[in-house]
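Chemist: As a plain string of letters, each chain reads:
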Amino acid sequence: MISIQVKELTKNYGNVIALDNISFEVNKGELFGFIGPDGAGKTTLFRILVTLLIQDKGTALMEGHEVVKEYKKIRNMVGYMPGRFSLYQDLSVEENLKFFATTFGTSVEENYDLIKDIYQQIEPFKKRLAGKLSGGMKQKLALSCAMIHKPEILILDEPTTGVDAVSRKEFWEMLCKLKENNITILVSTPYMDEASLCDKVALIQNGKILSIDKPDLIMKSFSKPLLAIKANNMYNLLYDLNEYKNTNSVYPFGEYIHYTPLEKTYDIKDIESFLVAKGHINIIINKIEANIEDCFMDLMKKN
Amino acid sequence: MEQTPIITVKNLVKKFGSFVANDKLTFSVNKGEILGFLGANGAGKTTAMKILCGLSLPSSGEATIAGFDVYKETDKIKNNIGYMSQKFSLYEDLTIYENIRFYAGIYGLSRKEIREKTAILLNKLQLGKEKDTLIKSLPLGWKQKLAFSVAIFHNPKIVFLDEPTGGVDPITRRQFWNMIYEAANQGVTVFVTTHYMDEAEYCDRVSIMVDGRIAALDTPSNLKKQYNVKTMNEVFLKLARSN
Chain A
0 MISIQVKELT KNYGNVIALD NISFEVNKGE LFGFIGPDGA GKTTLFRILV TLLIQDKGTA
60 LMEGHEVVKE YKKIRNMVGY MPGRFSLYQD LSVEENLKFF ATTFGTSVEE NYDLIKDIYQ
120 QIEPFKKRLA GKLSGGMKQK LALSCAMIHK PEILILDEPT TGVDAVSRKE FWEMLCKLKE
180 NNITILVSTP YMDEASLCDK VALIQNGKIL SIDKPDLIMK SFSKPLLAIK ANNMYNLLYD
240 LNEYKNTNSV YPFGEYIHYT PLEKTYDIKD IESFLVAKGH INIIINKIEA NIEDCFMDLM
300 KKN
Chain B
0 MEQTPIITVK NLVKKFGSFV ANDKLTFSVN KGEILGFLGA NGAGKTTAMK ILCGLSLPSS
60 GEATIAGFDV YKETDKIKNN IGYMSQKFSL YEDLTIYENI RFYAGIYGLS RKEIREKTAI
120 LLNKLQLGKE KDTLIKSLPL GWKQKLAFSV AIFHNPKIVF LDEPTGGVDP ITRRQFWNMI
180 YEAANQGVTV FVTTHYMDEA EYCDRVSIMV DGRIAALDTP SNLKKQYNVK TMNEVFLKLA
240 RSN
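Just so you know, the sequences run in chain order A and B.
Residue 302, in numbering that gives the first Met the number 0, is where the first sequence stops; the numbers in between run on with no holes.
Residue 242, in numbering that gives the first Met the number 0, is where the second sequence stops; the numbers in between run on with no holes.
Everything labelled a hint here was simulated from the structure, so no lab data went into it.
Hints are not guaranteed to be accurate.
Unchecked claim - Under the rule of at most 30 Å between Cα atoms (straight-line distance), these lysine-lysine pairs were calculated in the DSBU-like manner:
#: 1; chain 1: A; residue 1: K168; chain 2: B; residue 2: K49
#: 2; chain 1: A; residue 1: K115; chain 2: B; residue 2: K224
#: 3; chain 1: B; residue 1: K71; chain 2: B; residue 2: K130
#: 4; chain 1: B; residue 1: K23; chain 2: A; residue 2: K301
#: 5; chain 1: A; residue 1: K199; chain 2: A; residue 2: K219
#: 6; chain 1: A; residue 1: K213; chain 2: A; residue 2: K168
#: 7; chain 1: B; residue 1: K116; chain 2: A; residue 2: K301
#: 8; chain 1: A; residue 1: K286; chain 2: B; residue 2: K224
#: 9; chain 1: A; residue 1: K263; chain 2: A; residue 2: K300
#: 10; chain 1: A; residue 1: K168; chain 2: B; residue 2: K123
#: 11; chain 1: A; residue 1: K277; chain 2: B; residue 2: K223
#: 12; chain 1: A; residue 1: K229; chain 2: A; residue 2: K244
#: 13; chain 1: A; residue 1: K229; chain 2: B; residue 2: K224
#: 14; chain 1: A; residue 1: K213; chain 2: A; residue 2: K131
#: 15; chain 1: B; residue 1: K75; chain 2: A; residue 2: K131
#: 16; chain 1: A; residue 1: K149; chain 2: A; residue 2: K199
#: 17; chain 1: B; residue 1: K9; chain 2: B; residue 2: K23
#: 18; chain 1: A; residue 1: K277; chain 2: A; residue 2: K263
#: 19; chain 1: A; residue 1: K277; chain 2: B; residue 2: K23
#: 20; chain 1: B; residue 1: K123; chain 2: A; residue 2: K244
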């Protein structure tokens with residue numbers, strides 16, 4: 000069953016094209032990720048879907064309801080966690096939750112089961128002002144508030160931006176658990192490594208969808224051979240590999256450099272002797288599978 | 000690499016009331032080194048950085064930055080460092096050229112110096128045609144690259160970068176790190192925070208703060224060996240989760 004259906008959606012701000020003819024579908028209960036850097040159009044898209052912004056062209060249906068004409072219906076069935084503000088800093092944890100519940104004409108008790116797992120972690124601090132919470136706790140409260148009216152669709156705009164690796168991991172564990180309730184979850188993130196945690200992802204850049212599929216299928220569709228290369232002096236290695244005759248791209252990836260050849264084929268021995276001649280030592284070269292970030296950069300280059 | 004310490008910190012403590020934000024920090028950073036300063040949100044990174052930049056006084060302990068004392072010589076510290084962050088770096092309603100002139104002017108560069116260096120910089124960043132463009136109309140990646148260039152425009156001994164690559168696209172993120180390497184190669188010491196664990200691998204050494212303390216400080220390869228894992232992400236998760 001289709002939960003979100005977007006067709007040829009376009010939005011401009013003056014001369015800036017924020018969304019350029021975007022189409023996609025999200026199935027009921029799917030955890031769907033929009034992966035892309037700042038300025039890609041993620042927030043604009045989400046704001047249109049939650050009826051806070053009106054598109055220039057195209058249509059979007061949320062559970063069959065049209066975002067412009069039926070905005071009131073949509074607001075009742077969508078939970079939205081915006082990127083920046085979503086909590087009242089000068090209300091306590093429990094006051095925030097109660098406020099959101101009341102606004103949607105329900106009570107904390109009525110839907111407590113849905114948020115229980117998450118809310119329990121911050122309940123010991125329920126008298127604390129939201130403004131005084133740590134980043135991780137704010138996130139948990141914001142998510143609880145976005146869900147307290149039992150939405151059909153949950154829209155989370157960069158919930159893990161600026162959040163440390165530990166809290167990020169915990170947040171994704173919460174999202175995976177939420178899927179059990181058959182809620183459709185649309186989440187955006189600039190962190191490429193979070194893609195693999197989604198059922199399906201759209202890679203987005205400059206208002207355009209570069210690719211849309213299951214994360215493992217996107218990774219498999221990477222068309223070039225890919226090598227991970229390492230040596231003692233990484234800075235020089237980067238420089239020298241760029242000078243090599245059969246080089247398409249060279250990108251640092253943590254402790255390795257990811258290399259793709261210009262030609263369809265490559266010769267590891269030749270690369271190695273080239274690097275040895277340049278004075279590199281402890282050279283390690285492995286053939287590897289592409290990750291989402293490799294794919295993203297490859298698609299960026301093509302566009 | 001020269002082994003001249005340019006930042007030395009000894010038993011540095013910062014308290015806010017009874018809360019200990021920095022608990023006896025002791026470390027040093029060498030000239031031209033890239034130090035990754037990691038930690039969970041709320042671990043005390045920002046507090047420590049503010050002290051090292053001469054913006055906040057410690058409660059006790061010692062620290063010298065480029066040879067200057069964090070208690071008495073904060074103005075001299077500010078003259079000798081550069082700073083940029085993800086949240087604030089350039090003035091959005093000034094043009095590229097105006098921002099450069101503004102920052103260079105604050106650091107006391109002469110008009111002639113500013114003119115000459117600006118031409119070189121704009122050429123290097125290929126922004127020559129855009130010099131009269133307002134910062135707010137630039138893509139984030141350009142902004143961050145420009146902000147870094149401006150932060151080191153006055154040839155500081157140390158540059159502090161607070162999450163400089165947050166939200167930046169993956170190609171620009173790598174170009175940004177190239178600029179960091181270049182600066183470090185020219186002898187600038189780089190002190191950088193990030194939430195991207197692959198970037199931790201690009202640092203000469205990495206410090207990980209947990210609850211106000213430095214829980215680990217070593218080269219990425221030694222840290223991975225010590226914790227018997229393959230990536231810095233796993234090192235980070237192990238350390239920050241153990242409490």
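Chemist: Taking the hints in turn, state whether each one holds.
Modeler: Going through the hints against the structure:
no., hint, verdict
1, K168/A to K49/B, "holds, 28 Å"
2, K115/A to K224/B, "violated, 40 Å"
3, K71/B to K130/B, "violated, 39 Å"
4, K23/B to K301/A, "violated, 51 Å"
5, K199/A to K219/A, "holds, 14 Å"
6, K213/A to K168/A, "holds, 20 Å"
7, K116/B to K301/A, "violated, 34 Å"
8, K286/A to K224/B, "holds, 23 Å"
9, K263/A to K300/A, "holds, 17 Å"
10, K168/A to K123/B, "violated, 39 Å"
11, K277/A to K223/B, "holds, 28 Å"
12, K229/A to K244/A, "holds, 18 Å"
13, K229/A to K224/B, "holds, 17 Å"
14, K213/A to K131/A, "violated, 39 Å"
15, K75/B to K131/A, "violated, 34 Å"
16, K149/A to K199/A, "holds, 23 Å"
17, K9/B to K23/B, "holds, 7 Å"
18, K277/A to K263/A, "holds, 24 Å"
19, K277/A to K23/B, "violated, 45 Å"
20, K123/B to K244/A, "holds, 25 Å"
The structure fails to meet hints 2, 3, 4, 7, 10, 14, 15, 19 from the earlier list, while all remaining hints are met.
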